[in-house]
Amino acid sequence: MNRDEESVRRALHRHAGGIEPGDGSQERIQQRVHEARRRRRLGWAGGATGAVAAAVLVVVAVTSLAGNGSRVVETGPTDTASLALPSTTVAVATTVAPSPSEDVAQDASGIWPFHTAAGIEAYRESGDARYDDPAEVARAFAVEYLGMVDPEIGQPVPSDAGTVEVTVRPRGEAGQPLPPGAMDTAIILDSLGGGSPSGPEGPWNVLSTASSNIHLDGPVSGREITSPATVTGESRAFEGTVEVEVRGDGMGAGEALGRGFVTGGAGPDFGSFSGQVSFDPATTDEGALVLLTTSAADGSVQQATVVDISFSAPGQTEVTAFFLRGEELVPVSRTVPATTGVLRASLEQLLAGPTEEEQSAGLISLFAAGAAGELRDVTIDGNGKTVVDFGPGVVNGSAGTSTGSTLLLEQLNATVFQFSTVERVEYRLEGSCGAFFEWLQRGCEVIERPGG
Amino acid sequence: MASMAFHPSAPTAVTAPVDEAVTQLHRDHYRSLVRLAALLLDDIGSSEEVVQDAFVKVHLGWARLADPERAPAYLRSAVLNGARSRMRHRQVQDRHLEAVPPPAPSAEAGALAADEHHRVIAALGVLPARQREAVVLRYYLDLSEAEMATAMAISAGSVKTHLHRALATLHETLGETR
Chain A
1 MNRDEESVRR ALHRHAGGIE PGDGSQERIQ QRVHEARRRR RLGWAGGATG AVAAAVLVVV
61 AVTSLAGNGS RVVETGPTDT ASLALPSTTV AVATTVAPSP SEDVAQDASG IWPFHTAAGI
121 EAYRESGDAR YDDPAEVARA FAVEYLGMVD PEIGQPVPSD AGTVEVTVRP RGEAGQPLPP
181 GAMDTAIILD SLGGGSPSGP EGPWNVLSTA SSNIHLDGPV SGREITSPAT VTGESRAFEG
241 TVEVEVRGDG MGAGEALGRG FVTGGAGPDF GSFSGQVSFD PATTDEGALV LLTTSAADGS
301 VQQATVVDIS FSAPGQTEVT AFFLRGEELV PVSRTVPATT GVLRASLEQL LAGPTEEEQS
361 AGLISLFAAG AAGELRDVTI DGNGKTVVDF GPGVVNGSAG TSTGSTLLLE QLNATVFQFS
421 TVERVEYRLE GSCGAFFEWL QRGCEVIERP GG
Chain B
453 MASMAFHPSA PTAVTAPVDE AVTQLHRDHY RSLVRLAALL LDDIGSSEEV VQDAFVKVHL
513 GWARLADPER APAYLRSAVL NGARSRMRHR QVQDRHLEAV PPPAPSAEAG ALAADEHHRV
573 IAALGVLPAR QREAVVLRYY LDLSEAEMAT AMAISAGSVK THLHRALATL HETLGETR
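Protein chains in written order, with this note's numbering: chain A, 1 to 452; chain B, 453 to 630.
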């Protein structure tokens with residue numbers, strides 16, 4: 001064995017040494033962090049409060065091939081069907097309770113029937129046993145969640161890391177059994193109970209679902225999505241049609257935040273699909289993306305691929321204002337109601353100053369303590385010239401020193417020029433550029449974007 | 453300060469402490485984590501995604517990290533979890549995609565097939581996910597069995613079993629082609 005171990009060690013290191021990541025990963029990570037922060041309720045860097053993430057479960061349904069591919073249509077891979085689904089307006093709660101802290105390295109939890117630790121706890125205390133048998137959970141999931149009619153349920157097969165896999169299969173015409181394989185959907189269940197010598201124990205929770213004819217590439221499990229969400233993968237189905245649904249936690253068959261379809265291969269070959277699905281704002285943090293195929297004969301659900309997803313916090317947007325720690329500028333994120341006026345919102349947050357918590361962490365602003373609400377007007381013209389007009393309440397004596405005025409202008413400029421559409425800015429006090437700069441003991445000037 | 457020329461400061465020059473910390477982590481660990489993931493996932497694209505997912509998680513969860521010194525360990529654990537979940541999903545899908553032939557080896561892979569290290573990597577590719585993970589943790593990261601048990605969230609006994617089976621399979625596969 002030693003010779004094998006040595007050659008395995010050498011091979012792994014040689015192979016790994018030849019792998020070079022591409023460029024731009026740091027930028028992509030920052031971009032994703034930025035987007036997530038913008039959408040999530042997140043405090044400033046030192047004190048992140050409960051991040052609000054909603055998981056969306058998307059279910060994609062594929063229309064089954066009638067009989068063993070007898071309806072073969074000569075169709076190559078088809079792309080890009082638009083999932084047009086008008087998103088209706090729904091009253092959205094903008095206050096979302098912070099979700100409990102979770103280990104940053106934890107996997108996303110499951111899809112059905114449990115969504116929260118509290119739900120699992122309540123089930124345990126209830127003495128109920130209906131989710132203790134994996135095959136029964138798979139059957140209930142197939143019927144109540146996927147919408148299958150009287151599916152055949154296979155034996156649970158142990159898989160990795162305390163999970164089991166249960167295969168479900170629709171029935172053929174007149175309830176005839178179908179051969180294994182072609183129309184299978186594998187349901188992966190996670191053991192929420194302890195382990196025993198005989199193996200993992202219930203209760204069981206559905207983690208994901210994979211079907212033989214619907215292959216989802218993105219979004220991957222646990223990804224945060226926003227409407228419209230792009231769905232890609234490959235499939236083969238009757239007339240190529242795969243139904244796509246976005247569901248919030250707690251929704252079952254027939255319920256969805258949004259629906260659409262994508263078109264993949266019509267069989268016998270797989271064809272790639274790519275499309276978008278729009279959905280209403282979610283009232284839960286999490287949910288699922290469901291892709292389904294349905295029977296050409298009676299519209300019943302044949303197969304499904306399901307992944308858990310999270311929703312970004314609805315109706316909110318994140319803006320950044322710049323405060324000071326000593327002479328160092330510190331960006332601070334604020335979550336505000338969704339608004340198109342991000343520049344105005346950022347300036348309002350700047351004038352409102354650091355929170356008590358931030359102040360105790362050493363953050364200050366050079367605007368007067370009573371400056372909140374003293375933003376009179378913000379305009380930007382087609383050439384990127386921006387005019388910001390303040391009310392008299394912003395004036396603070398300490399900004400009249402050379403250092404003070406420099407730092408105050410740095411706070412303002414950093415806040416204004418974070419938006420790439422701003423090319424130059426003129427500050428005014430009660431409509432007068434001269435008055436603003438007189439406060440700072442300088443002369444009126446229009447400030448150009450740095451480096452521009 | 454009195455002589456400081458007046459000019460607007462560029463917002464891009466300003467970063468929060470968390471951003472600096474994560475940038476540093478990226479500099480120090482990104483490449484090695486991608487290599488680790490690639491030993492488990494074969495393709496670099498998925499590996500980079502898994503590692504980027506891990507960085508985003510650590511970044512957004514920074515305030516919940518009890519000890520920032522442990523960030524590299526969290527990152528590795530997030531990468532292993534991410535890779536495991538991809539492997540699991542992929543294997544399930546593969547098992548149900550019998551009509552789809554396995555990807556043909558590239559011309560380059562074919563040319564190198566005679567190479568010992570390539571044969572080992574190829575043999576590794578057909579191991580079950582857990583066995584493959586055990587091999588990589590043991591022989592690439594040089595973890596002890598106790599460390600492997602923690603990283604894989606299984607018992608030390610199971611670690612031994614996975615490793616033993618993996619080596620037996622590798623021995624058989626490599627023996628045949630040697």
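One or more hints might be untrue.
Subject to a maximum C-alpha distance of 20 Å in a straight line, what follows is the list of computed SDA-like cross-link-like pairs (lysine to any residue) [said to hold, decoys possible]:
(1) Lys612(B) / Phe437(A)
(2) Lys612(B) / Arg3(A)
(3) Lys385(A) / Phe437(A)
(4) Lys612(B) / Asn2(A)
These are calculated hints, taken from the structure and not from any lab test.
Predicted model only: the values in this text are computed from it and were never measured.
Against the structure, the hints come out as follows:
1. For the hint linking Lys612(B) to Phe437(A), the alpha-carbon distance of about 73 Å lies beyond 20 Å, and the restraint is violated.
2. For the proposed pair Lys612(B) and Arg3(A), the alpha carbon gap of about 19 Å is at most 20 Å, so the pair holds.
3. For a cut-off of 20 Å, the pair hint linking Lys385(A) to Phe437(A) stands: about 18 Å separates their Cα positions.
4. With a C-alpha separation of about 16 Å, the suggested pairing of Lys612(B) with Asn2(A) holds against the 20 Å cut-off.
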